[in-house]
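J.: In the order they appear, the protein sequences are chains G and D. Note that the working numbering gives residue 104 to position 98 of the first sequence, counting from 1, and the numbers run on in steps of one. Note that the working numbering gives residue 314 to position 239 of the second sequence, counting from 1, and the numbers run on in steps of one.
A hint or two may mislead.
With a straight-line Cα cutoff of 30 angstroms, these simulated DSS-like cross-link-like pairs (lysine-lysine) come out [to be verified]:
hint, chain 1, residue 1, chain 2, residue 2
1, D, K182, G, K136
2, G, K101, D, K180
3, G, K101, D, K152
4, D, K145, G, K101
5, G, K136, D, K119
6, D, K152, G, K136
7, D, K152, G, K71
8, D, K152, G, K77
9, D, K180, G, K89
10, G, K188, G, K137
In case anyone wonders, no lab produced these hints; they're calculated from the structure. The structure presented is a predicted model; accordingly, all values stated were derived computationally and were not measured.
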Amino acid sequence: MSEESNKVAIITGASNEVSQEIAKELAKKGTKIILADKDKEKLEAAANEIKSAGADVLAIECDVKSADQVKDMIAKTVEKFGKVDFLINNDWTNKPSSFLDMTENIWDEVIDTNLRGPFNCCRETVPLMKKQKFGRIVNIASVTGYTGSISNIATNDVHFSTSQGALLGFTRCMSSEVGRSKITANVVVLGFMDYPSLHDIYEPRAIKSGKALITVGKMGTPEDAAAAVMFLLSDEAKFVNGETMLVCGGGYMR
Amino acid sequence: MRLKDRVAIVTAAAGAGIGKATAKKFAEEGATVIVTDNHERRTKETADELKSEFGEDKIIGIKCDVTNKKDVDSMAKQVLDKFGRVDILINNAGREILDPVEKIKDKDWDIVIDCNLKGMFFCTKAVIPAMIEQKYGRIINLASIAVWIGSPIGETSYSAAKAGMVGFANSLSREVGQYGITINNVAPGIIPNPFLDKIYPPGMLNAAAKSSPVKRGGKPEEVANLIAFLASEEAGYIVGETIDINGGLYMR
Numbered sequence: 007m008s009e010e011s012n013k014v015a016i017i018t019g020a021s022n023e024v025s026q027e028i029a030k031e032l033a034k035k036g037t038k039i040i041l042a043d044k045d046k047e048k049l050e051a052a053a054n055e056i057k058s059a060g061a062d063v064l065a066i067e068c069d070v071k072s073a074d075q076v077k078d079m080i081a082k083t084v085e086k087f088g089k090v091d092f093l094i095n096n097d098w099t100n101k102p103s104s105f106l107d108m109t110e111n112i113w114d115e116v117i118d119t120n121l122r123g124p125f126n127c128c129r130e131t132v133p134l135m136k137k138q139k140f141g142r143i144v145n146i147a148s149v150t151g152y153t154g155s156i157s158n159i160a161t162n163d164v165h166f167s168t169s170q171g172a173l174l175g176f177t178r179c180m181s182s183e184v185g186r187s188k189i190t191a192n193v194v195v196l197g198f199m200d201y202p203s204l205h206d207i208y209e210p211r212a213i214k215s216g217k218a219l220i221t222v223g224k225m226g227t228p229e230d231a232a233a234a235v236m237f238l239l240s241d242e243a244k245f246v247n248g249e250t251m252l253v254c255g256g257g258y259m260r
Numbered sequence: 076m077r078l079k080d081r082v083a084i085v086t087a088a089a090g091a092g093i094g095k096a097t098a099k100k101f102a103e104e105g106a107t108v109i110v111t112d113n114h115e116r117r118t119k120e121t122a123d124e125l126k127s128e129f130g131e132d133k134i135i136g137i138k139c140d141v142t143n144k145k146d147v148d149s150m151a152k153q154v155l156d157k158f159g160r161v162d163i164l165i166n167n168a169g170r171e172i173l174d175p176v177e178k179i180k181d182k183d184w185d186i187v188i189d190c191n192l193k194g195m196f197f198c199t200k201a202v203i204p205a206m207i208e209q210k211y212g213r214i215i216n217l218a219s220i221a222v223w224i225g226s227p228i229g230e231t232s233y234s235a236a237k238a239g240m241v242g243f244a245n246s247l248s249r250e251v252g253q254y255g256i257t258i259n260n261v262a263p264g265i266i267p268n269p270f271l272d273k274i275y276p277p278g279m280l281n282a283a284a285k286s287s288p289v290k291r292g293g294k295p296e297e298v299a300n301l302i303a304f305l306a307s308e309e310a311g312y313i314v315g316e317t318i319d320i321n322g323g324l325y326m327r
């Protein structure tokens with residue numbers, strides 16, 4: 007049995023491709039998994055898939071924007087499993103809009119899901135982790151937090167890029183607050199990833215422009231993302247804190 | 076006179092720190108300066124003080140709460156009605172409320188995120204159409220060393236807000252760079268002023284400032300010098316940059 011086998015993990019945005027891959031990897035280790043997602047149907051489908059892999063799964067409908075729904079989600083988690091060891095914040099949204107057309111509502115929706123969401127989840131989880139003197143928080147962000155959009159063509163996401171940059175700052179600062187309680191907080195910073203939902207956001211020529219920046223010659227996959235997350239959750243990574251780990255095929259280098 | 080005939084808006088310009096120093100520096104460089112601040116009396120006092128030094132026609136004071144879209148739109152309209160252009164926007168308004176992440180109240184999170192990020196969004200939106208039309212613009216956001224380094228004193232909301240400015244400036248640069256508009260961030264370290272002593276634990280700022288290679292805090296005027304450079308024509312090829320000014324307290 008691996009060290010992850012008696013652990014409890016929450017994954018938000020559980021129905022997206024990257025979350026699914028993370029859940030599969032955690033299931034292999036015997037980790038108990040809470041899948042949280044605002045879309046009930048997609049959540050059920052995602053949960054069924056992970057359950058069929060033999061994992062102990064709790065699926066909870068939860069919109070991370072809502073502080074109350076997050077509180078409720080954490081309460082249900084504690085009720086069933088008694089603790090939270092891993093928190094993986096991967097719920098996000100992007101509503102492409104040119105800056106000139108960007109309304110306050112669109113701005114709010116993106117900032118609330120992508121920034122307030124992880125904040126809500128951390129706020130409820132950190133006290134539990136502090137008490138047990140263990141925790142791993144991995145926030146998943148986009149490289150647009152550094153670069154501002156992916157390329158000069160794949161734009162129209164000032165709000166999204168703002169939220170991603172904010173998530174980097176939030177996590178760095180939080181890591182300094184929680185580190186002494188044996189909690190780590192890190193970010194996996196994803197570049198241009200090859201998964202179906204990407205095509206809902208970007209036009210083909212925008213995808214081509216982003217692809218052209220990647221030095222390893224191909225776009226990233228959910229497996230690439232999950233591998234980085236699994237490392238940060240592992241005992242081996244206990245000295246990695248406040249890190250923003252680029253998983254973007256060299257498409258951006260600091 | 077690097078900013079001669081330029082029209083510049085500075086938010087939160089009526090405090091004791093970087094905003095006011097920037098307004099003054101801009102006026103020295105020949106700009107017409109719109110001093111905006113959420114504090115009505117101080118806005119007037121600061122504008123009056125600068126008017127007496129630089130002339131009635133070079134300074135305007137407008138009370139403006141950057142988190143209030145109506146306030147911001149009205150402020151921008153007054154500027155555009157009067158001058159027909161706006162060349163420079165300094166997004167300096169910010170708030171910080173200290174609390175460990177697990178103790179932050181929703182309303183405090185909102186105050187910090189709204190003032191720093193949504194205020195920047197509102198102000199930028201209000202001036203961008205004019206900047207595109209005139210094919211010239213300089214937007215500078217006041218970020219912080221907190222973009223890059225954490226601290227254990229309860230700054231997660233502030234760090235989030237300041238780091239959000241990086242994504243904002245860079246993404247917007249890609250959209251409007253073609254119109255001669257640059258958007259950059261300035262990330263100061265410890266720049267002591269009387270207001271900051273009310274926010275931070277006693278002695279903390281001084282101790283941190285002393286731990287920098289230059290063994291002192293920065294002066295608002297030093298930050299204003301950097302902002303004036305970025306706001307000038309000379310800096311037209313600096314795009315999407317976050318420039319640290321922290322006495323070496325953190326070196327990337």
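J.: Give a verdict on every hint.
T.: Hints, one by one, checked against the model:
Taking the CA atoms of D:K182 and G:K136, the gap is near 24 angstroms; set against the 30 angstroms cutoff, the hint holds. With a CA separation close to 27 angstroms, the supplied pair G:K101 and D:K180 stays within the 30 angstroms bound. Between G:K101 and D:K152 the CA atoms are separated by roughly 28 angstroms; this keeps the pair inside 30 angstroms, and the hint holds. Taken as a hint, the D:K145 and G:K101 pair is honoured in the structure, with Cα atoms around 24 angstroms apart against an allowance of 30 angstroms.
Proposed proximity of G:K136 and D:K119 is contradicted: the alpha carbons are some 48 angstroms apart, above 30 angstroms. About 50 angstroms separates the Cα atoms of D:K152 and G:K136, which puts this hinted pair outside 30 angstroms; it is violated. For a cut-off of 30 angstroms, the pair hint linking D:K152 to G:K71 is broken: about 34 angstroms separates their Cα positions. Note on D:K152 and G:K77: the hinted pairing is violated, with a Cα-Cα distance of about 43 angstroms set against a maximum of 30 angstroms.
Between D:K180 and G:K89 the alpha-carbon distance is near 23 angstroms, which keeps this suggested pair within the 30 angstroms criterion. With a C-alpha separation of about 10 angstroms, the suggested pair G:K188 and G:K137 falls inside the 30 angstroms cut-off, and the hint holds.
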